[in-house]
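> So the sequence lines, in the order shown, correspond to chains L and R.
Read left to right, the first sequence gives residues 1 to 108 (the numbering used here).
Read left to right, the second sequence gives residues 1 to 114 (the numbering used here).
Possibly wrong hints are sitting among the right ones.
Unchecked claim - Quick list of in silico lysine-lysine cross-link-like pairs, DSS-like style, CA-CA up to 25 angstroms:
1) R:Lys69 <-> R:Lys57
2) R:Lys71 <-> R:Lys18
3) L:Lys68 <-> L:Lys81
4) R:Lys17 <-> R:Lys57
5) L:Lys68 <-> R:Lys69
6) R:Lys17 <-> L:Lys57
7) L:Lys95 <-> R:Lys17
8) L:Lys76 <-> L:Lys95
9) L:Lys57 <-> L:Lys81
10) R:Lys65 <-> R:Lys18
11) R:Lys69 <-> R:Lys17
12) R:Lys69 <-> L:Lys95
To be clear, the hints were calculated from the coordinates, so they are not data collected in a lab.
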Amino acid sequence: GQNIDQPTEMTATEGAIVQINCTYQTSGFNGLFWYQQHAGEAPTFLSYNVLDGLEEKGRFSSFLSRSKGYSYLLLKELQMKDSASYLCAVNDDYKLSFGAGTTVTVRA
Amino acid sequence: EAQVTQNPRYLITVTGKKLTVTCSQNMNHEYMSWYRQDPGLGLRQIYYSMNVEVTDKGDVPEGYKVSRKEKRNFPLILESPSPNQTSLYFCASGNRDRPYNEQFFGPGTRLTVL
């Protein structure tokens, strides 16, 4: 089966940095996605990691360690618009398994 | 504009009344998928399709059917809906030939079964 864990909620201040951790135990692995989902909207793609290491995209970075079954999403210079749910998803040969999502609240 | 569309966006129905939620994409994607999203459970894959006439079960296929007769369309069929199928449903599509299968999601269909 697939087991993907991430914290339920996180709160941070505008301008700060937040790190959202994701651990996974899955029967197969072809890469890990991070998606952002604002309340009432569809998920949108943020990043994809298939090899170990850090991928940086502007204010967002994602890290993967396949041997540890671990990933994190780093959000820097937080803005109010970053208040959303962040979904970790493991890709197993075109089957996507999602974690329950982490709701990030950015305070002024 | 490249997009995935779903209809209807909102639906309230009664137990046992067959319904279909349509999904269409204009990006010529081979891959399409249906998910349901429930509080505390996240997104769970119902069915997916790698190409026309090719469909596979996801993690929660019971009570659902799909078909892929054309590349652009991937309807979700509930033959006899039950209250436990009340959920938010998302259709997604992706280009399986890319280095990775980034999926583009439709706007969602909120279904209530009474």
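> Could you check the structure against the hints above and give me the numbers of any it violates, in ascending order?
Violated: hints 3, 5, 6, 7 and 8.
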